[in-house]
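Please build the complex by placing chain E on the supplied structure of chain D, with the hints as guidance.
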Amino acid sequence: MSRFLARRLLTTLVSLLLASVVVFGAVLAVPGDPAVVILGMNAAPEALAALRQQLGLDVPAPQRYLAWLGGVVRGDLGESIQYQRPVTRLIGDRLGVSVPLTLAAALLATLVAVPVGIATALKRGTVWDPLIVLASQVGAAIPSFWLGLLLILVFAVGAGWLPSGGFPGWDVSVGRSLRALVLPVLALGLGQAAVMTRMTRAAMLDVLSQDFVRTARAKGLAGRSVVGKHALRNALVTLVTVLGLTMVNVFVGAIVIEQVFSLPGIGRLALTAIGNRDYPLVQGVVLLYASAIVLMSFLVDLSYGWLDPRIRYA
Amino acid sequence: MTRTHRWIVAALTATLLAGQALAQDPAPVVGGTVTVAISADPPGWDPTLSTSQEIARVTYGNVYEGLVRFDRNGTIVPALATAWQVSSDGLAWTFTLREGVRFHDGSPLTVEDVLFKFERARNPDSGHVNTGYYAAVADVRAPDPRTIVFELTQPSRSLLYNLARPDAIIYPQALAETQRSRPVGTGPFVFARYVEGSEVRLERFDDYWNPELPYLDGATFRIISDPNARVAALQAGDVDYVGAAIPPEQVRVLQANPALKVASGTATAEITVAMNNARAPFDDIRVRQAITHAIDKDVIVQGAFFGLGTVIGTHMSPSEPYYVDLTATYPYDPERARALLAEAGYAGGLSFDFELPEPYAIERRTGEIIAQQLREVGITVNLSVVEWGTWIQRIFLAADYDMTIIGHSEPRDINIYGNPGYYYQYDNPRIAELLAQAEAAPTAEAETAVYQEIARIIAEDAVNVWVFSPANTVAVRADVYGFWVDQPTPALDVTQVFRAR
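Residue numbers (the working numbering), protein chains in the order written: chain D, 1 to 314; chain E, 1 to 501.
Next comes chain D alone, as it looks inside the complex (with noise of 0.2 Å):
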């Protein structure tokens, strides 16, 4: 087991050091300068290569490159050149919307997924079987900013419950700060509740079908306990799989959310970053979103063990 764990980890180790090449060489490919972006199209060469200068842009990329990894190594990402603060505050700060909307969302789709799953998995053949398949069809297929932009119209326009977007801030009042995300958290969870419906049901759907529990079926097993005991705990690798793909859809489309409800979170963060080319900001925000990915899976990876003592990290 310990040998698997450093093995696995260093790997992860690797994954993340190949990750930040590639952000910095995307951000390096991609065109447009900071400097043009502060100083506007009308701005003079000299007052562009003064700027630069004064943003470290005139440095070799390779030499950019391992000044800003010997600083990530010490937790150092640089500091924003639209904000002018540690990159690392602005993420910190920022991390007490996205942290919670993405957990939010993802045990909101769990909730409904996995139970509505099962059911349609039992269900097969009934008339709710292909109504449920339906549902989570269309639920899948509806953009996330579009249900988003639905439920602010009904909900915050129509009805006036709950706040159209912002967020006053956990410091501000906490309450209100709740309400702020209770549409978000909707808007993102339910489609990926409908995504992650049709992953559990597949799942169970394979379990069912296999051998062992046709024997437990045969042996005289109740129903309850064929589902429970032997075909549940047979989908839940599966099911540790789908939630760590839900993880990541969910923090990946909280930034189209965070957009929509204009809330500060990461997701608005790394879009400001990208339009002004703050290339520190990016870079970090990038590779925080690359370490939690690669972070997800090694957690994944290391469940399997647990959740199935067949497997033998040898």
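Calculated directly from the structure, the hints in this document are not laboratory data. Heads up, the beta-carbon is just placed ideally off N, CA and C, and yes, glycines get one too. Please note that a few of the clues may not be correct.
[What the hints assert, rightly or not] Some but not every residue of chain D turned toward chain E, in silico, with C-beta under 10 Å:
#1 Val-30
#2 Gln-82
#3 Thr-126
#4 Leu-149
#5 Leu-153
#6 Gln-259
#7 Thr-272
[As the list claims (entries may be wrong)] Which stretches of chain D does chain E cover? Using the computed rule of at least three CB atoms under 8 Å from a CB of chain E, they are:
#8 89-95
#9 154-166
Relative to chain D, chain E alone:
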């Protein structure tokens, strides 16, 4: 712009946006707050370090003031200077500094702050934007603690105008380094709190030099990037005032809402189809004329933008004081377009690339319609959408393109036609001569005449196709008064805004 024209625009928009009685404002009420929508976090808040319009929208007049400023009609009025005069040779401008002005940190405004500001504004290494505006200034000095003199090497008509721009504001010399994160000015509102990605809060400044202003206790500027979300926030009552960039297709929805007021005014942008004048086939004036004749601007404004804009015929928006209507120079005439193309040797057709800038919806939509109109006279247009960084780098800075489209939103920017290196690649030394003449003009009338002459020359040369100037549509809650309808400069000025009881 002439008074008459303003009223024509007003009449046009009034027929479209009937039922608003904006002129009959009730008496101002003191107290209360408003929530205003803006669209993005700017790169810091110091208008002397970035030309971002979002900085000006929040801070111009509200937080920061210069010696002079634009009022809601675009007229230059006193701000930190109470009076000014120009010497008879036009080489010395003398400003009298207002007495008893305090900055938000409590320190008094002094001539040292003013001298420090213009030292920076004239130094290209200081990071100050638009240092070129002060090219004619030889020296700025203060003969006494209430007088500032600008000494010029040659007369400069545009000096006063440039002193009213958003980057000409004055802040305390001692706090220059921290303005990006914490603006401190002399305006009627204090910059109280900024939550990145979320909101900016301004609070009433009790020591403002004009004791009658502001009316409001405070104003919150909420950052809402999505245009539809801005409109939804207004409808839901989360926002009271959306002062810029309302999508034209949303205007009717807002008008139908009795809790809201909608008004439309002029803004400074010219939607411009730019052509690479140095590159074939655009180096042939007949091709450029043909392209202008082929484009039906009225159809675009009426059909795609619900009439919310003014058709233009040169690089001037109706918000300019020297605006002249030149739409009749090369009117829509597809027959004439075909004849000119045949004359230029393109009877068998013509093909070029037309690149649309990705971030700008108005330009993209206009460009798609124009491509179709050009196809109707036998021009094959290869349409593509380019990412903004590419647009700046390759098209704007390197002038490597055939045709593109962009809104030029800077006010008073016809001077770009005097620069042969500009991305239009239009080389006409006469324009630079005329620009110098305008700067040295003895009177405002003479200056206007020269600018109109420039406008006429570039229109006749068909340098570009100037399509229209989009209207500035404003929507507010019904009890909000005193807001700007026109945008002579980008500003969401709330100094005279109040809420009726």
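Verification of the supplied hints:
{"no.": "1", "hint": "Val-30", "result": "6 Å, holds"}
{"no.": "2", "hint": "Gln-82", "result": "4 Å, holds"}
{"no.": "3", "hint": "Thr-126", "result": "40 Å, violated"}
{"no.": "4", "hint": "Leu-149", "result": "6 Å, holds"}
{"no.": "5", "hint": "Leu-153", "result": "7 Å, holds"}
{"no.": "6", "hint": "Gln-259", "result": "6 Å, holds"}
{"no.": "7", "hint": "Thr-272", "result": "5 Å, holds"}
{"no.": "8", "hint": "89-95", "result": "holds (count 3)"}
{"no.": "9", "hint": "154-166", "result": "holds (count 7)"}
Of the numbered hints stated above, the single one contradicted by the structure is hint 3.
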